[in-house]
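Once you've looked at the hints, go ahead and assemble the two chains, each given alone in its own frame, into the complex.
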Amino acid sequence: MRKFFADKDRVLSVVLVLPSILAVLIFIYGFIGWTVRVSLSKWKGLNPDYTWNGLTNYINLFSDPRFAVDVRNTVIFTSVFVVGTILLGFFLAVLLDQGLKGEGFFRSLFLFPMAISYIVTGVVWRWLMNPATGTRTSGFNLLFSYLHLDFLQNAWHTTPTWGIAAVALAAIWQMSGYTMALYLAGLRAIPHELREAAQIDGASDLQIYRFVILPLLTPVTLSALIILGHMSLKVFDLIIAIAGKQLPLDVPAIYMWQTTFDGLFYGRGAAISILLLISVAVLIIPYIIYTLRTETFK
Amino acid sequence: MKRLSLTLLGLLMIFTIVLSACGTTPTSAPAQPTAPQEASQPTNPPSQPSGGKQQVEVFSWWTGGGEAAGLEAMIKVFKAQYPDIEFINAAVAGGAGTNARAVLASRLQAGDPPDSWQGHAGQELIGTYVAGNQIQPLNDLYESEGWLEVMPETLIPLISQDGKIYSVPVNIHRANVLWYNPKILKENNINVPTTIDEWFAAMDTLKAAGVTPLALGEQWTKMHLLETVLLGTLGPDAYNGLWNGKTDWGSPEVKVALQNFAKLLTYANSDSASLSWQDASQLVVNGDAAFNVMGDWAEGYFRELGKTPQVDYGWAPVPGTAGTFQFLSDSFVLAAGAPHPDGAIAWLKIAGSKAGQEAFNPVKGSICARIDCDKSLFGEYLQSAMNDWATNTVVGSLTHGVVANDSWKSEIDTALGLFVQNGDVDAFQAALVAACKSSGPCK
Numbered sequence: 001m002r003k004f005f006a007d008k009d010r011v012l013s014v015v016l017v018l019p020s021i022l023a024v025l026i027f028i029y030g031f032i033g034w035t036v037r038v039s040l041s042k043w044k045g046l047n048p049d050y051t052w053n054g055l056t057n058y059i060n061l062f063s064d065p066r067f068a069v070d071v072r073n074t075v076i077f078t079s080v081f082v083v084g085t086i087l088l089g090f091f092l093a094v095l096l097d098q099g100l101k102g103e104g105f106f107r108s109l110f111l112f113p114m115a116i117s118y119i120v121t122g123v124v125w126r127w128l129m130n131p132a133t134g135t136r137t138s139g140f141n142l143l144f145s146y147l148h149l150d151f152l153q154n155a156w157h158t159t160p161t162w163g164i165a166a167v168a169l170a171a172i173w174q175m176s177g178y179t180m181a182l183y184l185a186g187l188r189a190i191p192h193e194l195r196e197a198a199q200i201d202g203a204s205d206l207q208i209y210r211f212v213i214l215p216l217l218t219p220v221t222l223s224a225l226i227i228l229g230h231m232s233l234k235v236f237d238l239i240i241a242i243a244g245k246q247l248p249l250d251v252p253a254i255y256m257w258q259t260t261f262d263g264l265f266y267g268r269g270a271a272i273s274i275l276l277l278i279s280v281a282v283l284i285i286p287y288i289i290y291t292l293r294t295e296t297f298k
Numbered sequence: 001m002k003r004l005s006l007t008l009l010g011l012l013m014i015f016t017i018v019l020s021a022c023g024t025t026p027t028s029a030p031a032q033p034t035a036p037q038e039a040s041q042p043t044n045p046p047s048q049p050s051g052g053k054q055q056v057e058v059f060s061w062w063t064g065g066g067e068a069a070g071l072e073a074m075i076k077v078f079k080a081q082y083p084d085i086e087f088i089n090a091a092v093a094g095g096a097g098t099n100a101r102a103v104l105a106s107r108l109q110a111g112d113p114p115d116s117w118q119g120h121a122g123q124e125l126i127g128t129y130v131a132g133n134q135i136q137p138l139n140d141l142y143e144s145e146g147w148l149e150v151m152p153e154t155l156i157p158l159i160s161q162d163g164k165i166y167s168v169p170v171n172i173h174r175a176n177v178l179w180y181n182p183k184i185l186k187e188n189n190i191n192v193p194t195t196i197d198e199w200f201a202a203m204d205t206l207k208a209a210g211v212t213p214l215a216l217g218e219q220w221t222k223m224h225l226l227e228t229v230l231l232g233t234l235g236p237d238a239y240n241g242l243w244n245g246k247t248d249w250g251s252p253e254v255k256v257a258l259q260n261f262a263k264l265l266t267y268a269n270s271d272s273a274s275l276s277w278q279d280a281s282q283l284v285v286n287g288d289a290a291f292n293v294m295g296d297w298a299e300g301y302f303r304e305l306g307k308t309p310q311v312d313y314g315w316a317p318v319p320g321t322a323g324t325f326q327f328l329s330d331s332f333v334l335a336a337g338a339p340h341p342d343g344a345i346a347w348l349k350i351a352g353s354k355a356g357q358e359a360f361n362p363v364k365g366s367i368c369a370r371i372d373c374d375k376s377l378f379g380e381y382l383q384s385a386m387n388d389w390a391t392n393t394v395v396g397s398l399t400h401g402v403v404a405n406d407s408w409k410s411e412i413d414t415a416l417g418l419f420v421q422n423g424d425v426d427a428f429q430a431a432l433v434a435a436c437k438s439s440g441p442c443k
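Sequence order for the protein chains is A and B.
If you use the UniProt record's numbering, the first sequence corresponds to residues 1 to 298, in order.
If you use the UniProt record's numbering, the second sequence corresponds to residues 1 to 443, in order.
Excised from the complex, chain B in its bound form (with noise of 0.2 Å):
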């Protein structure tokens, strides 16, 4: 026995002189900041160009359904117009794009960025990537192409920083859709409401009729229905007001939207807690409930379920939005010290191509962002949406990513999560002015 303790004493003093003499080598590795310049050094010799052939490595979050399909056709496009290119998916399974996020996070602290990858266009690329120099403007490219003429005018704004576009839209989903059993509202004699007060009407003729008025799902979707919420109370004017610092939070305007959201939450059903966003979307579908207010690409899910538009299923802007268009879009960047620059810009003009977004968004279930694709290839739905996303205005999504940076939204989401617990609407109200401070742009 003491022979044993002498010898790790012995163990523990080596140990200690070999740690203090490179103590500081691991310590730091993962702290080394990563200038843009260093990513493109050959840290990483695998991700490098072999025997010269030019290469691109996209990274993305589409690994299953639609959206794989969707990059698959695109991927078909391009390489139909770059055969020379070899492209590298670097798709990421799991979790709406946590995990790839968490992925890319490490990679481009490692000094190790793909060449393009996907984000949510707006505030969650730009808060953090352009913060952190991790992505390039690409006005010259927009302009070389042409987009800015097949593209929103009040679009642009939202995607850029100081007047620098940074990253290209492939696809468009609107954010403030309504939907709603026909066949409920008939047996009731309700018209789609238009404001929110002819909402709550409505909804309170169905609650004493015994039908749940309002589908809603776990605690992300209760932000979505939030943030159209504060739009249909506020407007687009002062909507686009509390993302840049115009609008108060801690306004009486702010506060009545939100009181509507505290109101709009007893129409709700009460296993919302235990629901994804399609067992509360289907819950309208399957005639369980009259109102659920989701994404469009809710009707993507529908038609998988077999339902036909307007006799299972309605739409309708969010009452109140009526006019504006909400919008969340998954796009493509330019990295910083990409490895291979040719083949990232290569990629970008394919994302940014009729050929290429009218490749993707048929199979994806979404719009073009631009305004120029055929109405052909897309379904009853989508082409209503497309009239939208061409004459309305333009605003942008919280809970995907457009209008807050990812530090602003946790933020707002933990407010969310403490108010549906207690209720307290003031208290909801002094955080969400906190965490404006905080992490968004006000003093």
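Chain A on its own, in the form it takes in the complex (with noise of 0.2 Å):
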């Protein structure tokens, strides 16, 4: 121990690192450590209560009709969400790529949504995908009809079941502009010698992309992959903002504030909470196990 510390600058690295790893320690582990324990309490009300409750809070949640709406809903709008933002930027992307002018305005045109708060692009959308019918249409459903493609108006976030993939919609327009950054920065990583061995080899376009290009852009599309998933996992505000809080657009964090903040259950929402961790910790651990690897073999 003394010899380890013998070394001034690693003195120093350590003292310069403290704080933040101290901060972390307590407001991050001893948190998630304290909500565990509040997710095994009884806690009900403004005073804590700390009555041991054994594993009672998480087996109630997997009969509880709400929190099946909440997994329902969580599961449909992680997959449109996805998949739709991650074809959309990869589309975006390959457009860009292929020496356009004027590419630098596109790329900002379609990173600015990036930009903006999801309440603001919740309230923009709630009204594009307003539901109402007759002469109070508006927003999409009356651009349809003065398109005459009336069939195409619905009722959107108000369907019943799948109106989640409507809210869906919205995050997707927010996010694709990301995936199109992430993609076009890996678009432009692959070294032009590769395609052009493939195209001396006689390759098609379609299969210098399905070939030599997609595979390349794996670690590209995994990044993304975690990163919006985390997203749509934890996503609250984007949903209030258009639909406010009702039970046919819930998701696990909206079910998790109402009923600790407006229903006082704390035991209940600690439980979601941690649940909503497990969820998430899913997807990032393995991810970070595997980037911490490859980067300790570089």
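Everything labelled a hint here was simulated from the structure, so no lab data went into it.
Among the hints, erroneous ones may be present.
Here are a few chain A residues that sit away from chain B, every Cβ distance over 10 Å (derived from the structure) [stated by the list, open to error]:
(1) G45
(2) G99
(3) L109
(4) P131
(5) S145
(6) H192
(7) E196
(8) A253
(9) D262
(10) L277
(11) I285
Simulated coverage check for chain A against chain B, where a stretch passes if three residues somewhere in it have a Cβ under 8 Å from a Cβ of chain B [stated by the list, open to error]:
(12) 60 to 73
(13) 85 to 92
(14) 207 to 220
Over 10 Å on every C-beta distance to chain A, these chain B residues come out as not near it, computed from the model [stated by the list, open to error]:
(15) G66
(16) Y129
(17) Q134
(18) G163
(19) Q219
(20) W220
(21) D237
(22) S270
(23) Q383
(24) E411
(25) L416
(26) G417
(27) P441
Ideal placement from N, C-alpha and C gives every residue a C-beta, glycine not left out.
Put into structure tokens, the structure is as follows:
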């Protein structure tokens, strides 16, 4: 131990990172631990109550019809949002990669939505996706009626069961620019020689993308998948802005907020948070291990 | 690389030691039970009186519109009466009080209560703050100020627990109001319905004529409709019984009420989930729908839109509820261990006084909790509400916090949301029975 601290630089480095590591330990891991403890308690009401309750809060959640709605909505939202954003982002990146004029302009244009907060996106899309009929029709439905595309008019986020997919459209609009930027960087990193070599070998454009470019972009896709996936599991503000607190578009984060702060079911709320954390961790931890490993071997 | 991992390992060891040494401090910090006595200890220096000057800190979610203006008017009355007490307006904006209440909860858990705060009168306050020993009974104040004589007799039990009164209601809103479009009713030869069956018949006529019979908004407005239908179907006594455990939630009568509610939903606009209460109420005054059930704050909104009473909109008690005033109220409490108890009492005296309520209510668009306010200060609708307030049986609102505590209400809200989705009346009733058992007085 003494030898370890003999090196002055080493002592300095330890001292410098100490505050942030301490803060992370307390404010992240400490509170995760505390939340786990609360989720195993009977706490309901304003005052803390740490009476041991075992896994009851978790078991109740799995027979809770509202939580079933939440899980269904999360699955639909995540699939539509992640697949949609990756496909659209990749498509935009390929288009921009064709070396067209004014690329910088389009790049900023597609990236801009990401600079907007989810709340603003939600307010705008709430209006765009107005499901009103008759004389009160507005937003997309009105546009469709102008274009004589009336068959496209629909109830958007108020559609039973699948309404959450309409919310995912707004999220796709917001995040596809970001995915585009990821893919564009990935495409630019692919050496030109590889494409030329493939062309000389007689590969068509489609084949070049399928057998040369896509495999080389796998790490980018993986990053996008992780980033978008954990965002969509935690989605809260976008849904609140579009639909408020209404059960058909409920997700775990909203249930957690409502049951904890409106209903004072702290134990149940903590259990939902921990389940959310686990679902995000299942996605993130393998990715972290993977990146750490690949970086170590480099 | 090897050196780096060694360093990391060393760091990890050090912090494991550090953490185990002070490990209990960070994890138990938010867990400190807040006994009310501790609350008065100087935990938060800035909130302490500075230089001996008296203060009172009043917490509310009145930050905009008529509410903020009303609060300002009442503060003016306070300052005229108590020039020596500095008034600290700790209002928190957002979400009809949702944000404010989350802030308040964390302040109370940290043992740093404001002297007085706003809350919906009734179980929302009692179930949360009395159960948490955070507020004090005010019976002495009611007696010394003579408030028992000037407030409706049937109101007092609804804002009390075990004979102790816990808050001072400043304003009164009515929940069971049926707003209608007089022109549409006239065109279709419909009289204002007084029973639920008449209401259904009227709406059948309207539906056949191609008019949207009932304007409805997002989920909480559906709960608002539900509570008025429960009242209209069961009557005031059985309705009160729902909340004190005397009426069985599983009874056939409640089932009839729920079926009535289910039937009402079939008359509503298809886009209800995307409408706020303003959007929904507006449908009636704009001639897009015939009826809307909403609290009487809607009247203030109609006036803002420039509409004329009796011409663009008419009102009646929700069918089946004539003679009953389903109320909700904003009220102020006295914090247990208030840092400035004298200031808090002074504030509550103003909040319950004739001068204070007459300053606040005309601006906010509500009526006084007292029955002796000057009627000439109020508009046509509010005058009719004041007459009803003084003479009707008073019962409490569910959606607005009078009859059920927060936990119970949030369980009912979930059951309602599921019902709106699947339309299963039996499952709805079973969930309501379960909610009363888990969070209400039912055994």
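Hint by hint, here is what the structure shows:
Not every CB of chain B lies more than 10 Å from the CB of G45(A), the least distance being 6 Å, so the non-interface label is violated. The beta carbon of G99(A) sits about 40 Å from the closest Cβ of chain B, which is more than 10 Å, so the claim that it is off the interface holds. At roughly 29 Å, the least C-beta separation between L109(A) and chain B is larger than 10 Å, which holds for a residue marked as non-interface. With a least beta-carbon separation of about 4 Å from chain B, P131(A) fails to lie farther than 10 Å from that chain, contradicting its non-interface assignment.
For S145(A), the condition that its CB be more than 10 Å from all CB atoms of chain B holds, with the nearest at approximately 15 Å. For H192(A), the requirement that its beta carbon stay farther than 10 Å from each beta carbon of chain B is met, with the minimum near 33 Å. Non-interface call for E196(A) relative to chain B: holds, since the shortest CB-CB distance, roughly 36 Å, exceeds 10 Å. Taking the minimum C-beta to C-beta distance to chain B, about 15 Å, the non-interface status of A253(A) holds against the 10 Å cut.
With a minimum CB-CB distance of about 5 Å to chain B, D262(A) fails to clear the 10 Å threshold, and the non-interface call is violated. Residue-level check passed: L277(A) sits 16 Å from the nearest beta carbon of chain B, beyond 10 Å. With a minimum CB-CB distance of about 18 Å to chain B, I285(A) clears the 10 Å threshold, and the non-interface call stands. Given a C-beta distance limit of less than 8 Å, the hint that chain B covers the segment 60 to 73 of chain A holds, as 3 residues qualify and 3 suffice.
For the segment 85 to 92 of chain A, the stated coverage by chain B is not satisfied: 0 residues place a CB nearer than 8 Å to a CB of that chain, which falls below the threshold of 3. Residues of the segment 207 to 220 of chain A lying with their CB closer than 8 Å to a CB of chain B number 0, which falls below the three-residue condition for coverage. Listed as outside the interface, G66(B) is consistent with that label: its C-beta sits roughly 22 Å from the nearest C-beta of chain A, beyond the 10 Å cut-off. Distance check on Y129(B): its Cβ comes as close as 7 Å (rounded) to a Cβ of chain A, failing to clear the 10 Å threshold; non-interface status is violated.
Under the 10 Å C-beta cut-off, the non-interface status given to Q134(B) relative to chain A is violated; the minimum distance is some 7 Å. For G163(B), the condition that its CB be more than 10 Å from all CB atoms of chain A holds, with the nearest at approximately 22 Å. At roughly 4 Å from the closest C-beta of chain A, the C-beta of Q219(B) falls inside 10 Å, breaking its exclusion from the interface. A Cβ of chain A approaches the Cβ of W220(B) within 10 Å, the least distance being about 8 Å, so the stated non-interface status is violated.
Annotated as non-interface, D237(B) keeps its C-beta farther than 10 Å from every C-beta of chain A; the closest such distance is 28 Å. For S270(B), the shortest C-beta to C-beta distance to chain A comes to about 7 Å, within the 10 Å cut-off, and the non-interface label is violated. Residue placement check: Q383(B) keeps its beta carbon more than 10 Å from all beta carbons of chain A (closest about 33 Å). Taking the minimum C-beta to C-beta distance to chain A, about 7 Å, the non-interface status of E411(B) is violated against the 10 Å cut.
A beta-carbon of chain A is positioned within 10 Å of the beta-carbon of L416(B); the least distance is around 8 Å. A beta-carbon of chain A is positioned within 10 Å of the beta-carbon of G417(B); the least distance is around 3 Å. Non-interface call for P441(B) relative to chain A: holds, since the shortest CB-CB distance, roughly 15 Å, exceeds 10 Å.
Hint compliance for this structure: hints 1, 4, 9, 13, 14, 16, 17, 19, 20, 22, 24, 25, 26 are not met, and every other hint is.
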